[in-house]
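Asker: Chain by chain, the residues:
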Amino acid sequence: MSDEHDDEAPDVLDVIHDTVDAGHEPELSGPLPDARTALEAVLLVVDEPVAEVVLAQVLERPTEEVGRLLAELAAEYDEQGRGFDLRHVSGGWRLYTRESCAPYVERFVRDGQQARLTQAALETLAVVAYRQPVSRSRIGGIRGVNVDAVVRTLVTRGLITEVDTERESGAILYGTTSYFLERLGLDAVDDLPPLSDYLPDPYALDDEDVSTST
Amino acid sequence: MSDEHDDEAPDVLDVIHDTVDAGHEPELSGPLPDARTALEAVLLVVDEPVAEVVLAQVLERPTEEVGRLLAELAAEYDEQGRGFDLRHVSGGWRLYTRESCAPYVERFVRDGQQARLTQAALETLAVVAYRQPVSRSRIGGIRGVNVDAVVRTLVTRGLITEVDTERESGAILYGTTSYFLERLGLDAVDDLPPLSDYLPDPYALDDEDVSTST
Amino acid sequence: MTDGADTAAEVTTSGFHVHLDVFEGPFDLLLSLIAKRQLDVTLVALAQVTDEFIAHIRMGEGEWDLDQATGFLVVAATLLDLKVARLLPAVEEDDEDLALLEARDLLFARLLQYRAFKQIAGLFAAGFARERRRHPRAVPLEPAFATLLPEVLLGVGPIEFAALAARALAPRPTPIVAVDHLHAPKVSVREQAVVLATRLRDLGAATFRGLTTDAGATIVVVARFLALLELYREGAVAFEQMTPLGELHVRWVGNPDADAELQRWAHETGEHDEYDASAQEPEQT
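Residue numbers (my numbering), protein chains in the order written: chain F, 693 to 906; chain H, 693 to 906; chain E, 245 to 529.
These are calculated hints, taken from the structure and not from any lab test.
C-beta: ideal position from N, C-alpha, C; glycine also.
Treat the hints with care, as some may be off.
[As the list claims (entries may be wrong)] If you only want the chain H side, here are some residues facing chain E, beta carbon under 7 Å, derived:
1. 739
2. 819
3. 875
4. 876
5. 890
So here's chain F without its partners, still in its complex pose (with noise of 0.2 Å):
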């Protein structure tokens, strides 16, 4: 029941079929699928973000070219209005539901433990991701409070690690983890917004953070 070729596959598809060339036979026996078919067989099993460069090993073709079929999938899901959605996160690929069928979803899957975080949280957790690596007086001295607590409810959370120690002072420096990625559902850092953006124009130029006298 698995072997069905694409002849009758809708014009989507392809495009996609196009840039697959089909003469790859690794080691083993049987009619291999396409590159296409094999990818997503492989995200059907894999239970954390995988690079490209492991797929790529996996289904031995170029990385680009995985990249590229990983995208083309993703757009495909989002086209046919499938009920889940590939997505690029925290570095990698990575099956997800639809926002939409959540109500449905959520029958399913209880998460309800995953708590909420304050205020208090959320800020820290904010100055940490723009300014990582960060010690707790510098966060304390951003937010005008003592950030201890917080600090260790974030860490419980595995939203942020201890990641270096400052040279001077020996004080330990915190970032965010790949984690905090995932449940933002970003691939990386990076693609935090600018603070400038939430800075009026003549503070916008200086991203470094106020001397903080604490």
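Since the structure of chain F is already known, use the hints to place chains H and E on it.
Answerer: For chains H and E alone, kept in the frame of chain F given last:
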């Protein structure tokens, strides 16, 4: 980014859409997806075959309609030569990787960096080992995070297993397996080093855990 | 979910100051006061809310811990300075004025910066909420493939595993203001001298680097260095360093006087067991 509609969908889908009445609106806000989309989303997150009746309840559609949608989806995946395959197995439906893709999936699984457990998995395993039999919600309470996925991974890896259910709540209780003992080089759970040797002083005497507040 | 802000909020809502909103620090308060008056965030606005800001601090008096209060007071002081300066007749610009202007600009800049992060925080909240509605596929492998998974590598033995469990099971600390950083552990130079003497006696010679790999904190490294100087003075060790800042070699020469002195130190610091001539490796891992 999620409410693509069916206007551009290829022919195959029209058949399905004709059968779908878009008037149903469960209690939740936002534009709801059609039944086919919702079905796909639910299928993506279920980890064991789900009966049509259950799916029908979740989607709030007649069982026969859901049965037809499932069959149509399965046929569609075959026709489009997708890498996944919707199969009716032991009384329910579940997504599987397509058989022809097995060589790639196998390679991914074998070569994957999945030999080592993540820190989160290791800590969860430790909690199970010392608190068995223990429910997921209790583990989650101790770890302070949702542990569903990690617990499932540990089950898949054969390190823990369902050993019992809690009388009142019906919650599944987990314990470690003999494979776990083998991997750790122990003969029996009793051979685990006593925890009291490693607890910080104030808690040394109390082997019962203190923080199970979920 | 537990952090300073929440605790504060609970205290106030359940306590006497029901009417008092809780603000996460002085900037939070300033912004909310400015917003309440429907002003833009400007220097003028800052001046206009000074009184309210001070009043708010008065209300909070007696409920704040020192840490909390300091932040508010620093800002209040700057605001008051500015207010006083405006009330007094303008005189020649002098250094003090400049300092005041600087303080004002700094306060203003910090406020704007804080506002930017607050807006980002809102962005994050929306992002998390949106993402919560998407669920990644996280399904265990099909049975057919599960058997192919490479053998699990625990990477730890029973002992490490127990330690890991102890850590995972230890009650998570209740949020309190940490003061650990104020109390660096006390390290005794003599204690370290005893540790080093025991080790050098066994090894004969070692490098300073080797003698401090297990030191952990910088303070211990410093203590060991001072300890070596003491041992040198007692004539128990000799140094050798080929190049300036190069590897420092330490050689145990020992002498009866030094031994007597070390005995005394060891008893003093309660480390005589380790110092005992027959003692094996110190269990300092």
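Asker: Answer holds if the nearest beta-carbon of chain E is closer than 7 Å to that of residue 819 of chain H; otherwise answer violated.
Answerer: This interface hint holds because 5 Å falls under the 7 Å limit.
Asker: Just to be careful: measuring from the Cβ of residue 875 of chain H to every Cβ in chain E, is the smallest value less than 7 Å?
Answerer: Because about 5 Å separates residue 875 of chain H from the closest Cβ in chain E, which is inside the 7 Å limit, the hint holds.
Asker: Would you settle whether the hint for residue 739 of chain H is holds or violated, based on the nearest Cβ-Cβ distance to chain E being less than 7 Å?
Answerer: holds (4 Å)
Asker: Return the status of the interface hint for residue 876 of chain H: holds when the least beta-carbon distance to chain E is below 7 Å, violated otherwise.
Answerer: Hint holds; residue 876 of chain H Cβ to chain E Cβ min 6 Å, cut 7 Å.
Asker: Is the shortest C-beta separation between residue 890 of chain H and chain E less than 7 Å?
Answerer: holds (4 Å)
Of the numbered hints stated above, none is contradicted by the structure.
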